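For the record, the sequence lines run as chains A and B. Start counting the first sequence at 595; every next residue gets the next number (our numbering). Start counting the second sequence at 595; every next residue gets the next number (our numbering).
If you're looking for bench data, these hints aren't it; they were derived computationally from the structure. Incorrect hints may appear among the rest.
It does not matter which identical chain is used: a pair holds within one copy or between any two.
[What the hints assert, rightly or not] In the SDA-like style, the derived pairs of lysine to any residue whose C-alpha atoms are separated by at most 25 Å in a straight line are: (1) Lys672 <-> Asn942; (2) Lys933 <-> Gly1028; (3) Lys933 <-> Ser1027; (4) Lys807 <-> Asp923.
Keep in mind the model is a prediction, meaning the values are calculated, not measured.
Protein chains: 2
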Amino acid sequence: MIDDTFKELGDMPPEEFREAAHRVAEITADYLENLESYSVLPDIEPGSVRSALPATAPERGEPLDDILADYQEMIVPKITHWQHPGFLAYFSSVACGPGILGEWLAGGLNSNVMFWQNAPSSTELEETVVSWLRQMLGLPEAFDGMFTDTASISTLNSLVAARHADEDLAARQRGIAGRPETGRLRIYTSAESHSSIEKAAIVIGVGREGVRKIEVDEAFRMKPDALVRAIREDRGRGWRPIAVVATLGTTSTTSLDPVDAIATVCEQEGLWLHVDAAYGGAAGLVPEWRSRLVGWERADSIVVNAHKWMFAPFDASLLLFRRPAVFRDAFSLVAEYMKTPDTGDTHNFNEYGVQLGRRFRALKLWIMIRYFGREGFAARLREHRRLALAFAEWIDAAPCWTRVAPVPLACVCFRFDGSDEKNAEILEYVNRSGGIYLSSTRLRGEYVLRMQVGNPRTKLDHVRRCWKVLQEAVQ
Amino acid sequence: MIDDTFKELGDMPPEEFREAAHRVAEITADYLENLESYSVLPDIEPGSVRSALPATAPERGEPLDDILADYQEMIVPKITHWQHPGFLAYFSSVACGPGILGEWLAGGLNSNVMFWQNAPSSTELEETVVSWLRQMLGLPEAFDGMFTDTASISTLNSLVAARHADEDLAARQRGIAGRPETGRLRIYTSAESHSSIEKAAIVIGVGREGVRKIEVDEAFRMKPDALVRAIREDRGRGWRPIAVVATLGTTSTTSLDPVDAIATVCEQEGLWLHVDAAYGGAAGLVPEWRSRLVGWERADSIVVNAHKWMFAPFDASLLLFRRPAVFRDAFSLVAEYMKTPDTGDTHNFNEYGVQLGRRFRALKLWIMIRYFGREGFAARLREHRRLALAFAEWIDAAPCWTRVAPVPLACVCFRFDGSDEKNAEILEYVNRSGGIYLSSTRLRGEYVLRMQVGNPRTKLDHVRRCWKVLQEAVQ
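Take the sequences, apply the hints, and build the full model.
In structure tokens form, the structure reads like this:
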């Protein structure tokens, strides 16, 4: 029985919610089952969705039927389909089935994992899952950690902690501006590193000039000797180095910086080492690949995005840190209105980063890990690499096509032997074909194409189709 | 037909997902229907959930049945129930039914709203819903905006923009450290403002000393004359003021700063005005309450959390800004690997804030707004205020109880006429009672109790029960 007063001023009535939840289950199951009926990229003009929607919100409520019908008609066909097995651009970021179920359950609970009292089992499940993932990645017990939303934030938090670890700077208390004695701050990262490093540097007051991009070798890996020279040169000129950011899996080529050598430099120079393994860290799930990551176990902080090559629904970025106290000392502010009784060695996670409110991300990871098992992740990653290597072989064997970077994981960078414009035309052709979405980057000044495999739904047939469409594009 | 190879290396098989999605629909509908069968706060020892979970992840996959059974047994009963109508602590943050449906649909799509090409309809739906909300709140067309995850991030983004608006500082390019000519940076906010302001100041290099807390009047509102004096005194001493953060709805008492007078100060002094209306901004949905917010339409940036008094599943923080170009100039970094063709006047939202990856938050808001209508939100907010005022009357009429702050919205601060310890004992008694969860704060040095209504499931009966349990506590 639905009570009208309740509907008037309460939440959606329980029976209406139940019925609607089942409809959403059907809509979503249908969507995932029929992904390939969509073009990865929709063929629409910018602004066309916006102009088809009312400019003003309705004054009074509308029937859910109408809303869901509009969703199916106006939104779904005009989205870029990240879940599609032909999405081979950028890095895959897909929501696997068990992850979606976890996200849905978390959505019903709406647990806000700020501190233990407000979120006891969700806090402790996060502690557990973080420890599970650390072990699955082959990292030592010395690492504690938490989930954040994105690598942008995991790296920002880490660089704030790095700045805080420079105790003489006293950044938390005094701020860093207008103090001539401090010198200007410097962060080191490779010329191939992700834009999030530079963005974090802007935010924390290091600025773009404070980011020194270290040159890379022929395989796009940071040169440790160039790093040492840069640090020493900077110190001689009055700069104040605070951190080095190494990358395991750069965005353009998935190159892996020599973290072990970089860690030695950081130890010698007394600098914080943050490892951006947002993409490549997942390689730790495959035991025989762990040698590629050697040295990351010496880092002060590491980010691995579970929403990249681990199939977690967006968002779920794993931030691991060796000195939790530095993060807590850097960020913790416990206002009077947030004080709760002592809860032992459990975490009040808001004290370790910039955000107070935190989603219950551990739930989906817990369900995913139990559903697939560690071996299940490893098997899928091996398969993705197998597909990427097959594609690389076809490129290598083909006249007029050149592979332009090694394939350390599951991403291939290549180009047609022609102008940048010709390659941009090829990309346009492929992306308009419907079934395949690729992206581009620039290496050694040249425009190049990129294909990566990171979606469990992607099979050999999709990679074959990609190669076929590329060949059609140059006919 | 389920193909074993697919199960081995693909996603969860479609039929298994469909069946499981319906089970999750039932689990969630049951949970929401039976919320009151749970204690708001579970009676558990810190560490007990963690110690009951395996210390290591499984090597091989487990049946979904086992996972869902463990979820029901180990997680749900041991969580703090934010959805419970007796959760009257802090600020309510509840996921309403239509919002959950939106979150679920978004979870299935997994659209990452970085830039238009990757997320065309999700980008344009965000543009539309942001405009709808702006109008619903009674704010002028001059405001553009976007969703972020939390007020912590909306405020951080805004203060980075404020710092960037000080063009001579050239913070983005040069950084702010080690430059004696800049002076130390200062941000002004009231003594009652939220910890996220101070945290953002730490992150951007202003530091705790760079946050000057302005005194409040007898109703806990920032004093504009004290603000003017502080700014002028600081300038005289070589500080560099960059921004003022006014609060509409402080965390302790929901006091409303006199934003109009503060805006005049900001104009005169050439300072950025950020308005933290994370809680109180929702009052703009009720036309007859808008006069309480007057002046916020003059702000440079405003944050209103849709996941607070608007019932959106966490997370959804609305960030509005008057000068989008300042945000874009402060944050935009378009790496080679992210370049896409021109898409007219649509937003590449990652360029306006710290995060590159962004959840599709507009979908749930779109569904919620259409389901309830603007009037539906207003009616619920009026009801919450009515309940809070009833509670305030009971306190006012009772001997031995004192209300210690005005009730401008739907939160009541009060105490029993006794020691701080006695009041802490009362809180402990209430929170162990099961049906009600209250929080505490400190006002004028005294420990006080706090009750607020912001959940559409909360009815007069719950508030009555709260008062009854409080009275029992002092028997």
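| Given identical chains, is Lys672 near Asn942, meaning Cα to Cα at most 25 Å, within a copy, between copies, both, or neither? | between (41 Å within a copy, 16 Å between copies)
| message | I want to check one pair: Lys933 and Gly1028. Are their C-alpha atoms no more than 25 Å apart within a copy, between two copies, both, or neither? | response | between (54 Å within a copy, 20 Å between copies)
| request: Give the relationship of Lys933 and Ser1027 under a CA distance limit of 25 Å: within one copy only, between copies only, both, or neither. | output: Answer is between: at 20 Å across copies they meet the 25 Å cutoff, but 57 Å inside does not.
| message | As a check of your reading, is Lys807 near Asp923 (CA-CA no more than 25 Å) within one copy, between copies, both or neither? | response | between (29 Å within a copy, 21 Å between copies)
Every hint from the earlier list agrees with this structure, and none is contradicted.
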